[in-house]
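Let the sequences and hints guide you as you build the complete structure.
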Amino acid sequence: MQIQFKLDLGEAATIILAEELKANRVLIDEKLGRKVAQSRNLPVTGTIGLLLIAKKKGIIIEVKPILEQFLSQGKRISPILYQEILGMAEES
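Here our numbering is used: the first residue of the sequence shown is 65, the next is one more, and so on.
Just so you know, these hints were derived from the structure itself, not from any lab. Be careful, since some hints might not be right.
As the list claims (entries may be wrong) - Dumping the calculated DSS-like pairs for lysine-lysine here, alpha-carbon to alpha-carbon at most 25 angstroms:
hint, residue 1, residue 2
1, K70, K99
2, K70, K139
3, K95, K70
4, K128, K139
5, K95, K128
6, K119, K139
7, K99, K86
8, K139, K99
9, K95, K119
10, K70, K120
11, K70, K86
12, K120, K139
So, in structure tokens, the structure goes:
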């Protein structure tokens with residue numbers, strides 16, 4: 065099986081392995097990787113979605129400090145998305 069997009073090796077391997085294992089979800093953050101996975105009918109969750117699930121299950125107490133750490137490390141999260149995430153996490 066060949067993926068005809070310019071994905072990095074890790075994303076391509078993730079998608080191929082998910083298909084081979086018939087995974088019920090794949091963890092990808094990059095926009096192109098997400099698009100390719102979805103085009104292959106693989107449900108996608110990103111890091112932010114994983115954080116929200118962890119909070120809902122009580123694995124972590126707050127999402128906001130982790131988001132702040134991401135931002136301090138140079139990760140990009142738009143101000144609108146940041147507020148939406150905090151709303152979904154029921155944080156302010």
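Going through the hints against the structure:
no., hint, result
1, K70 - K99, "12 angstroms, holds"
2, K70 - K139, "22 angstroms, holds"
3, K95 - K70, "12 angstroms, holds"
4, K128 - K139, "14 angstroms, holds"
5, K95 - K128, "22 angstroms, holds"
6, K119 - K139, "20 angstroms, holds"
7, K99 - K86, "18 angstroms, holds"
8, K139 - K99, "20 angstroms, holds"
9, K95 - K119, "24 angstroms, holds"
10, K70 - K120, "35 angstroms, violated"
11, K70 - K86, "23 angstroms, holds"
12, K120 - K139, "23 angstroms, holds"
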